[in-house]
Amino acid sequence: MEYLFYSLAAVALISGALVVFQTHPLRSALWLIVNFFAVAGLYLLAHAEFIAAIQIIVYAGAIMVLFLFVIMLLNLRQPEEELARPRLGLKIAGITVAVLSAVLIGMGLAKVVLKPVTELPVGLGNTESVARLLFTDYLLPFEVTSVLLLVAIVGSVVLAKAKLR
Amino acid sequence: MLLSYLPILIYMVIAAGLVGLIVLLSELLGKKKHFPSKDMPYECGMDPIGDARSRYHVRFYVIAMFFIVFDVEAIFLYPWGVVFKQLGWFGFVEMAIFIFVLVVGLVYVWGKGALEWE
Amino acid sequence: MNMPLLILLTALKITVILVVFLTAIAYTVLMERKVLGFIQLRYGPNRVGPWGLLQPLADLVKLLFKEDFTPPMVNKVLFIMAPMITAITAFLPFAVIPFASQILPDTITVYGQTLDLKAAGLNQGVIADVNVGILYVFAMSSLAVYGAVLGGWASNSKYSLLGGLRLSAQMVSYELALGLSIIGVLMLAGSLSLVKIVEAQKNLWFIFLQPLGFIIFMIAAFAECARTPFDLIECENELVAGYQTEYSSMKWALFMLGEYCHIIVASALATTLFLGGWQGPVLPPIVWFVLKTFVLVFVFIWVRGTYPRFRFDQLMYLGWKVLLPLALLNILVTGVVILFLG
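Protein chains in written order, with my numbering: chain A, 947 to 1111; chain B, 54 to 171; chain C, 229 to 570.
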């Protein structure tokens, strides 16, 4: 069980790092999909099967399709060559930021006290319990979501309007 | 519960292995022969002009964007459908409001002509 | 039962099912050629074996020994990955579709040792009975779009890119209608598990309670499989062969495998959701399941032999302006009726 967790976590971290280190955006996007799968596996290990399914449907099945469309639409080729040879100043800045954030994260991690996870309540994270909470206690956020989605629709039309007409 | 996902994992491994084997076999079998006119992208016998990866219409992006929004809406409908009978009229009214707001969005994009393909 | 043995037995069960499934796919191709032949007053394949029954075998051998040509301008990794993604994502949804109630006894005795098959679910007529079965199906089929997008992009050919883009726009548009058409079924069954949905249809098939849902589901399934009348990527006079243009040999065959696999999975899913799944009188459950599924596969072929092709703007019109509002209406009407009838 723990081995499964650690191997999935390792896949998630490595693929996440590869997303950042690719020079071609399409390759980054593909590693991001691998990352989504690893995270979905982690949700599954936490008995949150509904969330795991949604992770794949929404992120891997819908949002990444949009990303791919945008990457292919822009056909980024120029930046790839520029990115391959960063200037000295950029390198120094990058290393400084990396070292500083590593120190910060290390200081944060040093304060974390590891506790054994208590047994999760049965059925937590399955569809019925998520649904019952979502449509009773969290009714207002749910309804506000519809307004948020409406804003997204309007926004995408406004952004593309000049081209559509 | 996790045990019920074990067969899916095994199924994925077997399916991927099978498909990989098919690709490998066809890579090994059969001849390989290159010559200049065969190496060109297929364009009905004409010499290709320009880059194949040209920019295309923004409509595709807009469709993908709408898809995300309505896909998220559909995601909310699945758990709602499961507990629908327990929630009763209360649940029905809240989902009716949710769907109404998104239908307003659909009417908006319809009216704006974003769903038209000339 | 210990873990290695469980994995071994599960793998064995899956292999047997997969072999049967692949054979079914191969013979669906033959069935299509035969049925189309009869619709067009031809014989169809009839040279290899009696009634052409060995044709799939001959096709397999032929395809394996064809030149597997990888054009030099392609992105090689993605070019190989795309057909693999299409085939794998087409196989995966079948894992949760129940094809019988029980295929093995609860316990079996091998060399004096009694194995408890029931505890691990090995005796069930489904590979994996998961609580979120229908979501799993949609999660896997939503990944099928990558095969088209990546295949079209990696080929580095104009027809491929256009075909890949069109098909992906088509697939995402109809995925919405497909997803929304089955909400009514969920409301009636109160579960996402396909096994429970089949059990909920013990007395009455959901097609009688959800006729509109069934029609929307089937139309959207035709579009998802890119079949006639929505086979725009096969629109030879416009796009040559769409994203498959630069493919040959078994890589091309994997796209075809994916297409026919999609047809069978869509038919099996429609059977499970609307036609009572494996349930039926007298005959054994698995026979009922195969019978119902292949009636729907026949409908797929029949439609191909009958209808002309849609234009792309008509396709988008139907998906967004007809099926999507109808699916939402179906949900609300179903809700009102269920609540009034208690």
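Read the hints as simulated data drawn from the structure, not as lab findings.
Possibly wrong hints are sitting among the right ones.
Below, in silico cross-link-like pairs of lysine-lysine (BS3-like), each with a Cα-Cα straight-line distance of 25 Å or less [to be verified]:
1) C:Lys-304 with C:Lys-294
2) C:Lys-290 with B:Lys-84
3) C:Lys-549 with A:Lys-1107
4) C:Lys-290 with C:Lys-304
5) B:Lys-86 with C:Lys-549
6) B:Lys-91 with C:Lys-304
7) C:Lys-290 with C:Lys-346
8) C:Lys-430 with B:Lys-165
9) B:Lys-138 with C:Lys-549
10) B:Lys-86 with C:Lys-424
11) B:Lys-138 with C:Lys-304
12) C:Lys-294 with B:Lys-84
13) B:Lys-85 with C:Lys-290
14) C:Lys-346 with B:Lys-84
15) C:Lys-294 with B:Lys-85
16) C:Lys-346 with B:Lys-86
17) B:Lys-85 with C:Lys-304
18) A:Lys-1107 with B:Lys-165
19) B:Lys-91 with C:Lys-290
20) B:Lys-91 with C:Lys-424
21) C:Lys-294 with C:Lys-346
Exercise. Can you give the numbers of the hints that this structure goes against, from lowest to highest?
Worked result: 5, 7, 8, 9, 10, 11, 14, 16, 20, 21
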